[in-house]
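Order-wise, the sequence lines are chains V and Y. Throughout the first sequence, residue numbering follows this note's numbering, covering 1 to 205 in sequence. Throughout the second sequence, residue numbering follows this note's numbering, covering 1001 to 1143 in sequence.
Since the hints were derived computationally from the structure, they do not count as laboratory data. Mixed in with the good hints there might be a few duds.
Among the chain V residues that face chain Y by a calculated CB cut under 10 Å, a handful are [what the hints assert, rightly or not]:
#1 GLY73
#2 LEU190
#3 GLY193
Even for Gly, the Cβ is constructed at its ideal location relative to N, Cα and C.
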Amino acid sequence: MSHETKPSEAGGFWRSLWRPSKTHALGLLLTIGIALGVVGWGGFNWAMELTNTEAFCLSCHEMKDNVYAEFRGTIHDTNASGVRATCPDCHVPKAWTYKIVRKIQASNELWHHFLGTIDTPEKFEQKRLHLARNVWTAMASTNSRECRNCHDFTSMDVTAQRNRARERHLEADKSGATCIDCHKGIAHDLPAGIKEEELHPKGGK
Amino acid sequence: MRTLTKLMMAIVLATGLAAAANAADVKGLSGSAPTELNAAPPVSTLVETKKWERTFRQQPPMVPHQVDKYQIDIRANECLKCHDWQNAAKEKAPELSESHYKDRDGKQFETVYGGRWFCTNCHAGQTDAKLLIENTFQPGAGR
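Input sequences plus hints: build the corresponding full structure.
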């Protein structure tokens, strides 16, 4: 085993990675390492954020022509205050770990985009109930985490709400119901074939 | 020949002028000429605090809450979430009258009859909208 590293030697660079540096100061190596780390990590998150924009979602016609067309005009698209929720605000978690998990799941969506699973309105309509249920299940299982990024029971002033809304929200808070239990079909059309019990929170009321 | 051409030109011009004058005279029911764009009506507000009485006996009751975002189409009808007979009691909402579960021949159905599906065709929101034209309707004596 030679102690010399020859640059010309095949695999010399890779082998040198495993040995202490003879020629470069530790400080220099650390500085370069940290700089590369910052750029690499920042670049990764920057690229991920690029996929977290409405414009990115709408670059697929499946999103633009179906779900986005329905989203237009809903309360999350246009309202008195002009505050808007875009696709990722509801469909991608904010917390980093959950976000990464969701992004990995999204590779399945890419796969089906290229397969053309819902590339016509008819195919989308066939899948609508199934796809909607996927989202409802996900939202119910996280206690509507993405809704609550903005709509938090603790900061909700029920006295400012209309009578019907106030009664329901107080009831829901007590019974532990989650947003999506009642608020289905508020940002996209309800699918045909939805069951009556899916429109009401579990536990009767 | 030349006089004939002049005469014809004069006639065409006169007809055109008359037509233009007439167009300005014609008024639509809203008071503006049909060629003009109507001014947007003032924004009306929804009255949610109380239920309005019916103006005449057969009037479809008006809706004392917002419905503009409700989906009523071939896939779903969000009004039924509360007003269908199965939900009305527990949602403390007015129940659809039995007539909505019958077809034109009086045949009874479990679910809302298709011809009654589009609620907002008859049931309008309670808005304080001002009349665009005068309305002289009077309910019958029986009301």
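**Report entry** Status of the hint placing GLY73 of chain V at chain Y (closest C-beta pair under 10 Å)
**Finding:** holds (8 Å)
Query raised in the report: Is the shortest C-beta separation between GLY193 of chain V and chain Y less than 10 Å?
Result: Hint holds; GLY193 of chain V Cβ to chain Y Cβ min 8 Å, cut 10 Å.
Query raised in the report: With 10 Å as the cut and Cβ atoms as the points, is LEU190 of chain V at the interface with chain Y?
Result: holds (4 Å)
The structure agrees with every numbered hint stated previously.
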